[in-house]
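Residue numbers (my numbering), protein chains in the order written: chain A, 1 to 339; chain B, 1 to 308.
No lab work stands behind these hints, which were simulated from the structure alone. Since the structure is predicted, the reported quantities are computational estimates derived from the model, not experimental observations. Yeah, the Cβ is synthetic: ideal placement off N, Cα and C, and Gly gets one too. Warning: the hint list may mix true and false statements.
[Stated by the list, open to error] Across the chosen pairs, the derived CB separations fall in these ranges:
#1 B:Q87 with A:L18: 39 to 45 Å
#2 B:A169 with A:I200: 48 to 54 Å
#3 B:G39 with A:P201: 26 to 32 Å
#4 B:Y12 with A:R328: 53 to 59 Å
#5 A:L89 with B:A7: 46 to 52 Å
#6 A:V303 with B:D138: 39 to 45 Å
#7 B:G142 with A:L89: 39 to 45 Å
#8 B:D171 with A:A327: 33 to 39 Å
#9 A:R328 with B:A169: 26 to 32 Å
#10 B:R135 with A:V303: 44 to 50 Å
#11 B:D131 with A:G11: 53 to 59 Å
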Amino acid sequence: MHRPTLWAAAGLVVLLLLLGLLSLLVGSGSTPMGRAWDFIVGDSSARADAQIRLAVLDVRLPRTLAGVLVGVALGAAGCLLQAVTRNPLAETGLLGVNSGAALGVVIGLTYFEVTSAYGVLVWALVGGMAASGVVLLLAASGRAAGSPLRLVLAGSALGATFHGMTSYVLLGEQATFDTYRYWTIGSLAGIKTSETYPLIPLIALGLLIAFCCVRPLAALALGDDSARSLGHHPGRIRLIVAAAVTLLAGSAVALAGPIAFLGLLAPYAARAVTGPRMAGQLVLSALVAANVMIAADLLARIVIRPWETPVSVLLAFIGGPLLIWIARSQRMSTAGVAS
Amino acid sequence: MQLTVEALTSGYPGHTAAVDGVDLTIPSGQVAAIVGPNGCGKSTLLRSISRLHKPSSGTVRAGDEDVWQLTQRRAAHRIALLAQSPQAPEAVTVAGLVRYGRHPHQGLFRQWSREDEAAVREALEATGTTDLATRRLDHLSGGQRQRCWLAMVLAQQTPIVLLDEPTSALDLGHAVEVLSLVREVAAAGRTVVMVLHDLASAARYADTVIAMNAGKIVANGPARDVVTAELVKELYGIDADILRAPGDGSPVVVPSAKARSVRAPEKTAQAAEETVQAPGETAQAPEKTVQAAEETAQPPEKPVKQSG
Chain A
1 MHRPTLWAAA GLVVLLLLLG LLSLLVGSGS TPMGRAWDFI VGDSSARADA QIRLAVLDVR
61 LPRTLAGVLV GVALGAAGCL LQAVTRNPLA ETGLLGVNSG AALGVVIGLT YFEVTSAYGV
121 LVWALVGGMA ASGVVLLLAA SGRAAGSPLR LVLAGSALGA TFHGMTSYVL LGEQATFDTY
181 RYWTIGSLAG IKTSETYPLI PLIALGLLIA FCCVRPLAAL ALGDDSARSL GHHPGRIRLI
241 VAAAVTLLAG SAVALAGPIA FLGLLAPYAA RAVTGPRMAG QLVLSALVAA NVMIAADLLA
301 RIVIRPWETP VSVLLAFIGG PLLIWIARSQ RMSTAGVAS
Chain B
1 MQLTVEALTS GYPGHTAAVD GVDLTIPSGQ VAAIVGPNGC GKSTLLRSIS RLHKPSSGTV
61 RAGDEDVWQL TQRRAAHRIA LLAQSPQAPE AVTVAGLVRY GRHPHQGLFR QWSREDEAAV
121 REALEATGTT DLATRRLDHL SGGQRQRCWL AMVLAQQTPI VLLDEPTSAL DLGHAVEVLS
181 LVREVAAAGR TVVMVLHDLA SAARYADTVI AMNAGKIVAN GPARDVVTAE LVKELYGIDA
241 DILRAPGDGS PVVVPSAKAR SVRAPEKTAQ AAEETVQAPG ETAQAPEKTV QAAEETAQPP
301 EKPVKQSG
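All chains, full assembly: derive it from the sequences and hints.
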């Protein structure tokens with residue numbers, strides 16, 4: 001095993017535990033940190049305090065858990081998608097997951113009178129998966145089946161279509177528009193445990209598929225001809241991995257709404273440590289994204305206290321300049337963007 | 001392991017067959033070089049042998065197994081291919097690259113083993129890249145890089161090795177280095193089939209030269225029998241002298257410096273002269289060139305003389 005990767009992974013796990021703890025202690029409300037700490041270490045008076053219990057167990061814990069899940073899912077999905085498309089700028093929205101989820105939410109709100117957050121989540125999940133499914137079907141048919149270019153083309157074409165349909169539905173529905181507007185700014189605020197648990201198996205399945213595909217996925221970097229002569233099926237691998245990306249990115253968007261940059265930047269940070277080692281990339285990318293997600297969510301609670309900033313806005317503020325820096329740096333020129 | 005190709009026809013929809021009814025037998029431990037002009041079907045033939053392009057009819061056999069009936073993975077145990085311009089993963093080390101060669105021997109539940117380690121070490125040794133193992137591939141010279149790619153293919157430990165223009169991007173020194181390595185690979189018992197652009201190195205390094213033109217094999221045999229001035233004319237439409245190498249008597253192709261007449265190989269020297277002279281009306285300089293060309297084209301002392 002590659003030593004720097006191991007160290008980085010260990011460091012990130014420790015950091016994630018610390019950030020997770022901090023995430024239980026800090027909030028935008030008026031609960032003092034000391035009391036939250038007392039509650040966690042089991043102080044009986046703090047345990048008896050219903051307000052602290054509510055803040056730590058019902059508000060912050062699910063939110064932290066969701067943050068880790070969304071981070072892991074987006075980090076892994078971004079890493080997979082960049083490998084599959086051989087495009088270091090590929091993002092998790094590429095397969096139409098985000099625009100499909102948006103359309104799902106809008107349809108749910110408008111035509112099925114969904115009111116609960118859970119209902120919105122289900123519609124986002126269904127929409128994202130359906131959109132990505134159609135993209136995969138399109139990409140899997142025809143002569144150049146499973147080529148990265150086909151995948152990207154089908155994704156962006158369908159994404160644009162869904163976007164148009166979403167806008168069309170929204171035009172006539174003021175009430176839907178208000179809720180949608182809130183949804184489309186990705187945030188972890190108000191997430192409940194009951195919404196988080198059902199997505200754990202989906203994310204776990206996505207990760208499992210990803211880890212089973214590590215070797216063929218790595219071989220894709222040699223080009224399709226070489227991958228094939230090493231006994232792999234490039235087209236098939238791309239579609240399987242894209243399905244895993246759908247599970248991961250679909251779950252993430254259902255939990256937290258569309259969150260940009262994370263799936264793009266985390267793999268970059270990971271590659272700086274791992275080099276071309278695919279398994280390491282996947283693990284580090286997931287861990288980096290989880291850390292960034294929790295850190296950003298922490299910041300979101302305190303930058304304009306007592307109000308909250310949506311975590312996606314914060315990530316955009318951090319991610320934009322970072323992306324520009326990457327584009328200007330040396331690494332970009334050697335990354336080799338290929339169709 | 002013997003490689004047999006029978007009545008192979010392969011092509012692309014809407015075009016005439018790129019490979020048209022080819023029969024071939026390449027015995028174990030031999031180096032065969034497929035040569036021919038651009039578009040003669042040599043690459044398609046290699047792609048059909050290596051399962052990259054499905055032939056429309058005919059069979060490819062590794063030993064007595066039909067290559068196209070095997071699974072992708074089983075086929076990768078028989079035949080390894082070094083693609084023409086393979087892409088390297090960003091920042092990969094030489095050892096990292098060579099380890100890719102072990103993929104067909106690994107699986108979900110069969111991870112990196114001692115056997116894999118030994119195969120990689122052998123491949124690095126055979127190609128003289130052991131010292132480079134920890135270096136980054138993109139920091140090496142073109143010749144070193146090609147040896148590393150060859151090491152990856154050798155680590156696959158297949159009885160048959162296919163090389164698609166392994167020297168096309170190399171200078172003479174590196175090309176010779178790689179081709180000598182190819183000879184050693186065959187000497188170790190593997191069957192090597194390579195597509196080569198350069199007839200001269202094919203004649204020098206291959207046991208068998210297979211010449212293709214318009215999808216068919218026009219000559220197949222030991223270089224000294226096959227490489228003739230007539231063949232060069234047929235393949236490339238140029239006149240050439242065939243000399244004998246002082247060492248081993250292998251044929252050396254020396255293209256004549258006279259104006260090329262690719263479009264109409266049957267033209268006489270005079271006709272060729274006329275075509276060259278035509279644009280000379282505008283300036284004086286081209287006339288000079290023609291004269292110079294004439295001189296070199298007809299030196300009386302030349303041993304073998306072709307058309308004109």
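Under the constraints set out in the numbered hints, which ones does this structure not fulfil? Checked against the structure, the hints that fail are numbers 3, 4, 7 and 11, while the rest are satisfied.
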